[in-house]
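> Spelled out from the first residue to the last, the chains are:
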Amino acid sequence: MPLLQVDDLSVRFDTDDGPVHAVDRLSFTLDESEVLGVVGESGCGKSVSLMALTQLLPDTAKIGGSARIGDLDLLSASSSRVRKIRGRTIAYVFQEPMTSLNPSLRIGRQIEEVLQRHLDLSRRAARSRAVELLELVRIPAPQRRVGEYPHQLSGGMRQRVMIAIALACDPKILVADEPTTALDVTIQAGILDLMRDIRARLGTAIVLITHNLGVVADIADRVLVMYAGRKVEEAPVHDLFAAPQHPYTIGLLGAVPRPGSASTAGRLQEIPGRVPSLRELPQACVFADRCPRADDLTRSEQPLLREVRPGHLVACFHPGGAWSS
Amino acid sequence: MSYVDTAAATELSPRARRRRLLRKRFLRRPLAVLGLLVALAFVTMAIFAPALAPYDPTELDVTAILEGPTREHLLGTDELGRDILSRIVYGARASILAGVLATLLAMAIAVPIGVTAGYFRGWLDPIVARVTDVVLAFPFLILAVGLAAILGPSLLNATIALGVGAAPGLIRVARGEALSLREEDYVRAAIANGAGDTSIIGRHVLPNMTNTLIVQATVTIPAAIIGEAVLSFLGLGVQPPTPSWGVMLSAAQPYVNDAPRLALVPGLAIFFCSLSFNLLGDGLRDVLDPRTTR
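Which chain is which? The protein sequence lines are A and B, in order.
The working numbering applies: residue 1 is where the first sequence begins, and numbers increase by one.
The working numbering applies: residue 1 is where the second sequence begins, and numbers increase by one.
Derived from the structure by calculation, the hints contain no laboratory data.
Do not rely on the hints blindly, as some may be mistaken.
Claimed, not checked - SDA-like cross-link-like pairs, simulated, lysine to any residue; straight-line CA separation at most 20 angstroms:
1. Lys24/B - Tyr149/A
2. Lys172/A - Asp59/A
3. Lys84/A - Ser42/A
4. Lys24/B - Ser199/B
5. Lys84/A - Ser199/B
6. Lys84/A - Asp197/B
7. Lys24/B - Lys172/A
8. Lys84/A - Lys24/B
9. Lys24/B - Gly196/B
10. Lys24/B - Asp71/A
11. Lys172/A - Tyr149/A
12. Lys84/A - Gly196/B
13. Lys84/A - Tyr149/A
14. Lys84/A - Asp286/B
Claimed, not checked - Quick look at which bits of chain B chain A covers, simulated, 3 or more residues with Cβ under 8 angstroms:
15. 89-102
16. 164-170
17. 180-192
Even for Gly, the Cβ is constructed at its ideal location relative to N, Cα and C.
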């Protein structure tokens, strides 16, 4: 049984201009100590679906489906129940390390806060655990750093502190929402390395939300590709890069610069067109308007996910790698 | 920034190191230091008035009426032969007391209301916002005069009137701060990691508005000091013969031509007292901002 099982998760925002379907019947599972990459372009519902799990969305969001950890359905649980899950079972790291720490509290205090809240540790125990955590996220001189303020730390260091806060209560799931996007490439590598290390040492399952396929290739075990609120492809990381099935995935991979390969000679491929409006749910493939393979079938019916190989799912009528017509 | 004493600093606890850093930053601002010294002088004067004043401030001396400065009376005497210096020293009590207490009262009213409205929003917020807008349409002094007139003349009532009168402005500031702080990334991050409303307000909202509140307090203290003088001048605050700078100004009116000293001295006292608190406040704001590294 997987650690987390999400079934038919739908998120709808009721705005003044009518409903927006941000996530449409998304199902996925997460196993223990697994790294799941969630990729897709901005606004495809990556963050929203993971935020919905612990009811972090504003009240305007209407959420359907279920998300189970063991016997507990997170989506129908009471808000006080879910608050105990946040940070304890599912912890989050966000994109903006520069602003995600409280500027007027010492970083030690910010780590201790989570420990005291969830584990009811004493001040002293929380302090020594905070130092341990800073050591775990490889911050040099942790004894001294606990007494420092966020402005005394660099962006990479702050993101490490954020990870330390997230890991404070030894969560089962770490949701990292674009954790490296705001950082330098070298710092990025360090953070990814750290996450790999954490998974190996603590067995934490990681959901890595990103639009960076390089990051996914680097660290993920399995990848979920989202487009316009729907899951269009899901595969073990190796299969996805070796044999992408959905034309959108193929397009994404084509848009990644690859030094040394033939494609560097020409332009990077772009995916023509734009992401469709999420205002109505089309009775068609969401990607139809931008897809080179679209035909009458694509435009009149929504493709369901099917398994093309064990563990490799794709929602497309014309999947496959090499396509020529 | 100098690292000359790093070796010594590493032996200190972070807290002590921070205190030392703050002190160093503060001392580097001459105007702030000046403000602090002058404000402290006024506070000392108020506390130790009986010891510092050469005469009883209400003691009449008919042999020395409207005298200029002499060795016996350094600042001269007023129309009833009272020693002006002693009256200024005692007058500091009313001013400091009213300034500080009115500000504390205003804070005590404004911060809970403003933070609750700004943080929780809901139905309360628009009500609080509109009511403060309406009240703020009245000038601070007019409001204080009106309240003091209703409460009746006394120093305590003047202080209450000034505190209540200053509250709407502070409510607006506290509400605005809470509104913007609740949208901060670190608040979202804290929520995502399980923080409840109480700990978010206590750990994230209030600490991050202290700078603004300190600045507001140091604007409010001098305003209340001036307000006390105005109320006493109008007969709504301290009652004669008890000395107060406002009372002295009021009594000096008929003698402005013959003995301008009578108006000038309490006027200067009000000026320097409120200026010193303003300078101190500016300095504190610069020093306490954790983003200032100078």
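> With reference to the structure, classify each hint as holding or not holding.
Hints, one by one, checked against the model:
no. : hint                : in the structure
1   : Lys24/B - Tyr149/A  : holds (18 angstroms)
2   : Lys172/A - Asp59/A  : violated (27 angstroms)
3   : Lys84/A - Ser42/A   : violated (30 angstroms)
4   : Lys24/B - Ser199/B  : violated (32 angstroms)
5   : Lys84/A - Ser199/B  : holds (14 angstroms)
6   : Lys84/A - Asp197/B  : holds (13 angstroms)
7   : Lys24/B - Lys172/A  : violated (46 angstroms)
8   : Lys84/A - Lys24/B   : violated (43 angstroms)
9   : Lys24/B - Gly196/B  : violated (37 angstroms)
10  : Lys24/B - Asp71/A   : violated (58 angstroms)
11  : Lys172/A - Tyr149/A : violated (28 angstroms)
12  : Lys84/A - Gly196/B  : holds (10 angstroms)
13  : Lys84/A - Tyr149/A  : violated (27 angstroms)
14  : Lys84/A - Asp286/B  : violated (39 angstroms)
15  : 89-102              : violated (count 0)
16  : 164-170             : violated (count 0)
17  : 180-192             : holds (count 8)
Checked against the numbered hints listed earlier, the structure breaks hints 2, 3, 4, 7, 8, 9, 10, 11, 13, 14, 15 and 16; every other hint is satisfied.
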